[in-house]
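Engineer: Sequence:
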Amino acid sequence: MSAPNRATLWGRVLVDELAKGGLEAVCIAPGSRSTPLTVAFAAHEEIDVYSHLDERSAAYFALGRARRTGEPTAIVSTSGTATANFHPAVMEADQARVPLLVLTADRPHELRDSGANQTVDQVELYGDAVRWDAELPDPEADERKVRSLRTTAARALSETGGVDPGPVHLNCPFRKPLEPIEVPDAVPDAFAETSAGRGRDGAFVDTELGTRSLADAQYEKLVRALEDADRPLIVAGPADPADLSALDPDRVATVAERVGAPILADPLSNLRFGPHVDRESVTGPVYGGYDAYIDLLPAPDVVVRFGASPTSKPLRNALRDSDARQFLIDPAGDWREATFTATDLLAASPGPVFEGLCERLEADDVAQPESENGWLAAFADAERRHWAVRDAALESAPLESEPFEGAVLADVFEAAPDPATIFVSNSMPIRDADRFGRPRDADLTVLANRGASGIDGITSAALGAGSTTDEPLVLVTGDLAFYHDSNGLLAVDRCGVDATIVLLDNDGGGIFHELPIEAFEPPFTDQFKTPHGLEFDALADFYDLAFERVAPVDFASAYRRSLESEGTQVLAVEFDSEASHRRRDALAERIHAELRGEGE
11 MSAPNRATLW GRVLVDELAK GGLEAVCIAP GSRSTPLTVA FAAHEEIDVY
61 SHLDERSAAY FALGRARRTG EPTAIVSTSG TATANFHPAV MEADQARVPL
111 LVLTADRPHE LRDSGANQTV DQVELYGDAV RWDAELPDPE ADERKVRSLR
161 TTAARALSET GGVDPGPVHL NCPFRKPLEP IEVPDAVPDA FAETSAGRGR
211 DGAFVDTELG TRSLADAQYE KLVRALEDAD RPLIVAGPAD PADLSALDPD
261 RVATVAERVG APILADPLSN LRFGPHVDRE SVTGPVYGGY DAYIDLLPAP
311 DVVVRFGASP TSKPLRNALR DSDARQFLID PAGDWREATF TATDLLAASP
361 GPVFEGLCER LEADDVAQPE SENGWLAAFA DAERRHWAVR DAALESAPLE
411 SEPFEGAVLA DVFEAAPDPA TIFVSNSMPI RDADRFGRPR DADLTVLANR
461 GASGIDGITS AALGAGSTTD EPLVLVTGDL AFYHDSNGLL AVDRCGVDAT
511 IVLLDNDGGG IFHELPIEAF EPPFTDQFKT PHGLEFDALA DFYDLAFERV
561 APVDFASAYR RSLESEGTQV LAVEFDSEAS HRRRDALAER IHAELRGEGE
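In our numbering, the protein residues as written are 11 to 610.
Hints are computed from structural coordinates only; laboratory data are not their basis.
Just so it is clear, CB atoms sit at the ideal spot from N, CA and C, and this is done for glycine as well.
Hints may be right or wrong, so weigh each one.
[To be verified] Using C-beta positions, here's what the derived DEER-type ranges look like: (1) LEU121 with PHE552: 19 to 25 Å; (2) PRO40 with GLY220: 35 to 41 Å; (3) TRP142 with GLU55: 25 to 31 Å.
Based on the provided sequences and hints, a complete structural model is requested.
Structural biologist: Structure follows, in structure tokens:
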């Protein structure tokens, strides 16, 4: 590989090796010190380049893209404070197991700790939030150093994946000249013909990452527990990105069928939506209304859990209070179980585990049908009543008189196209998605930033996820999250992503109404709910987005129009957050009364 100077050589070799290793996309924020990387990425035909003006938005866009694909996306920044703006997304990627490759340009070693402009300590900048970090050696046309660079690139990509995927950080020091300016004798012409200069046919180091599976004795223990259980239960928490494609929902449904287990599927589990939901032969179907009734049903005696901690607090509390034997399946063998009630940790990937269970649970050993199985019948009855009560409550108290955020989330999922990608913000939107997103036979990929559960970067992450697919993209976000990541809206035009943005505007932090602090004034309004009084139509005009202020009663029709329209539309629906909370509480009480036989 030829180059006019050493910095350009380093950028070209690194990008060449990343492309050979399978990297397909990079998000770049502008800067001078990162010029060798930016120029190399821009010139490489096999890597899609997304240009962002804001480092935090760039990082979250890359995060959303990697979350949707399960494959690493790279991010590039110049030196100094720009690198710190990546940190929130790195933390989310760490907690949510999202593969992310962080490339930070840096000053050369001799300028560090010298007062040189825009020079900060970037070595191990992200602490233990990364799976691996390394500092590249100073650029030089030396065969051994270049082989080291290629090997480091291969290892960096490898470290983003595996059973515990996550972010990796490479700090990249460069000396001037940073632009592809000719420097005589810096890179000898003959270097391009060396093995290091040419690289290899394909990746310099071809890494194969496997998955963990169970040994026969471990399967025997799990199978015996499920077959002996009277009240088995399968709990699917939010899926890791790798599980979106690796875990076959049909196999989970088959296991449920053969042991007579209900499947409680988080909206982020990749199991609440899809063809398996309506399998006629499944006696243990997918349930989505459990948040309202799980505390009213008998406790399970065996639980198989996988994915991250469920969104539903009632479900987490029910698992905490249960004496059941609980098998926690985790590909990395991590203890992701904050209620501390799991009895068995299975360090294995859920996909292979359920494949093995399908093979070991004989097809002719199908559990009793629902009509003869009191455990399944109780769940089926509670699920039917839950949705019937919800529908009746919304009809009896129309949205004109009692606007309700949960009704919007119900419409979002019921009217979403098949297929579609739906990204849901934290705080109340994801909780309402859990409570009111009815399971359906549709290919819906539902995503959220539930690793560290912050409201920063929501818009950018959603647009990043949408950049990977031609499916319609729907973003459901609260007003504070929308304000917090307003810079991310630039990617709509700059990165060519269209979306329907459902903006739930309740003028502040509505989720705090669920906390005891609500009773304390003035701190509650001034320091927690923090009403902002912003008019978001001006923000939409600033980014040249179509904006429509929609009355709650008109949301369903406006939503369908947006889904059928070209471009990006913001549908702003205003609510009183306190009234919405009271409506949630009243609906929960009504469902409980119905299930206890106290309904009207």
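Engineer: Hint by hint, which ones does this structure get wrong, listed from lowest number up?
Structural biologist: 1
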